[in-house]
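Using the sequences plus the hints, can you model the full thing?
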Amino acid sequence: MDELLVTWLNSEGVYESIMSFIEQEIRNDSSSSATASVLNSTGANVISSSGSGKAASSGRPVGGSSNSSVNYLPPLSPYKVNSSNNALIGSNTIINSSTDSSNKKIITHVMIPRNMGGRGRGKPSQEDVYELREKEIVHAFSSVRGSASMSAGQIYLRVEEFEHVTKDLCGFPTFFTVPLYKRICQQFGGGEAIVTLDIFTRFWKSEIEPFDPSDRFFRLVKSPGEDSIKKDDFGPFIDELLNSHPGLEFLSNHAEFQEKYKLTVITRIFYQCSTGHNGRITGRQCRKMNLLDSFLFVGQEEDINKVTQYFSYEHFYVLYCRFWELDQDRDYRITRDDLMRYNDQSLSRIIVDRIFDAAPRPFGRNEPLTTLSDNQKANDTSPVGYDDYLSYEDFIYFMLSEEDKSNEVSARYWFSCLTHGDSKLSFMEMRKFYSRQLHRMQSLGHEVVPFEDMLCQVSLTSYSLYPPNSFLNLDDTDYFVYCLDA
Amino acid sequence: MLDMIKPKNSDFLIVEDFLQSECCQVSGSLFDALFNLTKYLQFEQRDAFTERTKREDEFDSEWDRFACYDYSRLAMEEEAREEEGTSSFLIGATVIDFSHDVIFSTLQYE
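Protein sequence lines, in the order shown, are assigned to chains A and B. Heads up: the first sequence begins at 1 in this note's numbering, then just goes up one per residue. Heads up: the second sequence begins at 1 in this note's numbering, then just goes up one per residue.
Rather than coming from a laboratory, the hints here were simulated on the basis of the structure. Small disclaimer: the values here were computed from a predicted structure and weren't measured. One should not assume that every hint holds.
What the hints assert, rightly or not - Simulated coverage check for chain A against chain B, where a stretch passes if three residues somewhere in it have a Cβ under 8 Å from a Cβ of chain B:
| hint | stretch |
| --- | --- |
| 1 | 178 to 188 |
| 2 | 219 to 233 |
| 3 | 314 to 322 |
| 4 | 418 to 432 |
| 5 | 437 to 451 |
We put the beta carbon where it would ideally sit given N, CA and C, even for glycine.
Encoded structure:
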């Protein structure tokens, strides 16, 4: 261990850079605490007594609408708030986010029984039958301004009094209050702009009682009459999250980045859930991905960066900055040449072309460019086609797949690229891709690894677990020789 | 690698071959080998220590790990720029990669 450390310290430039980092840290107290908080993002809590003040100072003026010709980056995430204050809202919920070896955060929601029946549709909860909850519902409405003599059509709640109903009765995240209230008015109010007990009862019997929590969520988010959630349907909910989440407060003066954050979150949700890549999320996909749980979690967790699924501001920052790095002409589009520069030219030309021609795009193919002026169009003999750029949303799909190849969505993404939409990846096709790599290895002066060796080399990691397969068309002796040589 | 993937057919791979839970890491390395030279070379030069550190860290996914390191890199750059009083335009890619490596190494050897 010590030897390793010494070797590392002695390697070129490392010592100097460490020293310069240390000096930099000492020079700037605030930057050091920021770095620490970043490095310990899910561990230690950096206690910052002036958390909000610092947040304000870190949220410096960036690209406002008055200054649209200059493109700036979004503000950094503010300093971590002391998360021991993270009293979970309400006593009926427990969040159990395990950071041990288990792969997924486990979010247990006690209030809302989960119906993971395994089949297409969950069963409605028996305890949410109207008659069983009637007392609670009536109490929630009449405790505010009701009296015994009033009828159900007269007792009402204003939107600002509705939070308790959203959270405790309907089981939605608190930040759903406004969109939920609006939806009830719109669908059951018959022109009324307030929700009376009468209206709410109708809503309950039609949208809550017959469905399980996941379906209630799905039906609330999608537009009435549609059979799936579309891109814009999440908008009002993310807007409310931006308005109410303490971890996103610092964005309140940056409408431009609020929009970008919203777009990023929505695209990430579609990346995970919309497996058909058709810009739609079905009720079944909602349930499979526990989308409601993710929304409940972000509604309760004060540190937005702990919500690594979809909502983390840091993740948004990384995606957006990487896009910004590549989009040098600031037209909010990435060309093939731009993408070639990704991560220091790490991708081969052939895959970049495939990403443009064959990779899944979140919301379908882009429209052909329409921003060219008529003049430009007249002069341009080879207009840029719809395949010749990636939008920010397309780029998010690419980057999520590129930086994490160990999940199903990503494997499907790359498989589509490699096969150009075909369902089979042939040995020959793989050789074709690898030959470009060989060429680059050669020109960069690296030792060249032949195709067969490459295959063996990677399989060595768990060779002992799996016997060789005839796929390589090598007999076992050859296989062993390769493995021993590698 | 392919013996891990255990293809159903010996002439070609289908997407389901990549989706078996036990081979997701391997299929990732195969993808890198086919089109991402930087990552493939990193894979070639990996060592047991780095692998163990990776296995034992706090991240739930490759993406979470990447995003955390990359955010630290971007945040340090941004703060360095603020100190210099320059506007927040990005600086050269060399500097970026350099600091990224340092963060990486620091974390690995801590």
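Now for the hints, and whether the structure bears them out:
1. 178 to 188: violated (count 0)
2. 219 to 233: Result for this restraint: violated, n = 0.
3. 314 to 322: holds (count 6)
4. 418 to 432: With 7 residues close enough to chain B, the hint holds.
5. 437 to 451: The restraint on the stretch 437 to 451 of chain A holds, since 6 of its residues have a Cβ under 8 Å from chain B and three suffice.
Checked against the numbered hints above, the structure violates hints 1, 2; every other hint is satisfied.
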